[in-house]
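Trainee: One letter stands for each residue in the lines below.
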Amino acid sequence: MKERLSISLRQIAHARAGDKGNRSNVGVFVYEPKHYTTLIREITPERLKYEFGNLVRGEVRCYPLPKVHGLNVVMDRALEGGVNESLNLDGHGKSWSFLILDLKVGIDSNNLEPNE
Amino acid sequence: MPNHTDILRIGTGAGFSSDRLDPAMELVEHGSLDAIIFECLGERTMAFAHRDMQLANGTGYNPLLAKRMSHLLPLCNRHNTCLITNMGAADPLAAAVRTSDIAANCQLGHLNIAAILGDNVTHLITPDLELIEPGCTVAEIQRPMIGANAYLGSQSITPALTRGADVVITGRVADPSLFLAPMQAHFGWGDHDWQQLADGTVAGHLMECAAQVTGGYFADPGFKEVEQLARVGFPIAEISCDGSVVITKLPTTGGRVDSLTVKEQLYYEVHDPSAYITPDVIADFSMIELNDQGDDRVRVCGAKGRERTETLKVTVAFDGGHLAEAEVSYAGPGALNRARLAGEIITQRLDEVHGSVDKRRIDLIGAASLHASAGKFSQNSTDIRLRCALRTSDYEEAANLLWEMEALLCCGPAGGAGYRGHITPSVLTYSALLERDRIKTTVEFI
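Residue numbers (the working numbering), protein chains in the order written: chain H, 1 to 116; chain U, 1 to 446.
Keep in mind the hints are simulated off the structure, nothing from the lab. Honestly, I wouldn't trust all of these hints.
[Unchecked claim] Calculated from the model, a selection of chain U residues having no Cβ within reach of chain H, i.e. all distances over 12 Å:
| # | residue |
| --- | --- |
| 1 | T59 |
| 2 | N77 |
| 3 | P159 |
| 4 | G254 |
| 5 | R306 |
| 6 | H354 |
| 7 | N380 |
| 8 | L434 |
| 9 | E444 |
[As the list claims (entries may be wrong)] Just so you have them, the derived chain U footprint on chain H, three or more residues with Cβ under 8 Å:
| # | segment |
| --- | --- |
| 10 | 14-26 |
| 11 | 62-74 |
| 12 | 84-93 |
Beta carbons are placed, not taken as given, at the ideal position from N, Cα and C, and that holds for glycine.
Please build the complete structure, drawing on both the sequences and the hints.
Mentor: Written out as structure tokens, the structure reads:
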């Protein structure tokens, strides 16, 4: 019997954040190809603007990466000015990867089992 | 360039200015490398190099240059491995002369040491030049300019390699181009062979941060395990003449190379994956496929290349004044409230007593710092470190922040401890574009 669960994205995906100027990018990749559609459905520019609106002042774009079952999240004006200008200890925005992995995503319970 | 086999083997010796030394030595000793690349230059490190060069007895190249060269030159000489690095920073010529002295001290005989010049474009920066990110002109920044450097491509280096350089020292070169140069020189890829240039750029991009593709910056206990991270090995790229690439590492080292570590690095600092722009090519990363061959080997293919842009990116650095940062800790019950009160006191004191107008930031480390303030806010922590930071062009203002934070020890909330404060010089960097044909590069052999 299928049941809808809400789980942390970190349970099905891994991520790394990078920076260029005041723009952050976070590559997010699911461990199992079957979770790719969940990633694409749940992590959208609208969702990210809603969750992190007070930190991301610019546009958010999400580029699907079907060959590696990932998503490249690009957030403009998300680094309080960037590494040279920000007063944040994390001027590079490296902690963005785990903030995104901490988001909850909806998933079918029978989809949580590892692949055969 | 030495020609060991029809597979070109390139290693990474450093992925940033302060990277470890022993993995580079291990790689040259045991990696049968044709070339090893030390990528040691960020936007900030270049700006600081310009500033250091202007100081009395200051040098404009990487502070670790002498240490790295004295350990690596004898190894590279013995194993016939070419060393390419951007450790020249703001002064590649002086770095090459210093390297030549070190080679002489090591009694290595004559080495062909080349400096690549031409990336310093400070003289081309006019007040009306448009800066991309703030969207204003150089004049409108209203700060003293420190220096400006163009990102050079692979073709600034290849003439040195074809003339037999053993060591090549550059200033600002695009990171992947440092790796593409030995491929171009070895395989004879032309300046318009967009497909091969894209393949080589992917390899360079994967390699440029050293351990970040071999298990560094990856471990997340319970989710992503990495064996022997303390002894993580630096990567090796095996490149074939058709541009296909295998990323691997020495079997004796710690870390891991598999499709997970390679994926994370493949899109690191990439924006539109279909248009990764370097001085050499526009590479499409969007359809790259990874073939995990096991035993720490991943084959990478599927990049596409198209014609390069007519402009080169330039980083323009400005004096950013002083960055003042100070911290005090509060522990035990009520730590968060006491730290928060301390922060309010600092704000009031800076406003009312010192009339400070500079932009400042207050963090409650242990509850809300970094970018976590965007999300949940922990109320339970009993170990809080108050941090206050401000940036100012007035040294006195910077000193006032430190003074006020230290004064919390007697005048602030109960239980404050562990004050530390420091003032560091600050730089601001912005990007601009210059026409490619205005930037001329030269090779100087020492």
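Trainee: So, for every hint listed, does it hold in this structure?
Mentor: Results of checking the hints against the structure:
no. : hint  : in the structure
1   : T59   : holds (22 Å)
2   : N77   : holds (36 Å)
3   : P159  : holds (29 Å)
4   : G254  : holds (19 Å)
5   : R306  : holds (18 Å)
6   : H354  : holds (17 Å)
7   : N380  : holds (17 Å)
8   : L434  : holds (17 Å)
9   : E444  : holds (31 Å)
10  : 14-26 : holds (count 10)
11  : 62-74 : holds (count 7)
12  : 84-93 : holds (count 7)
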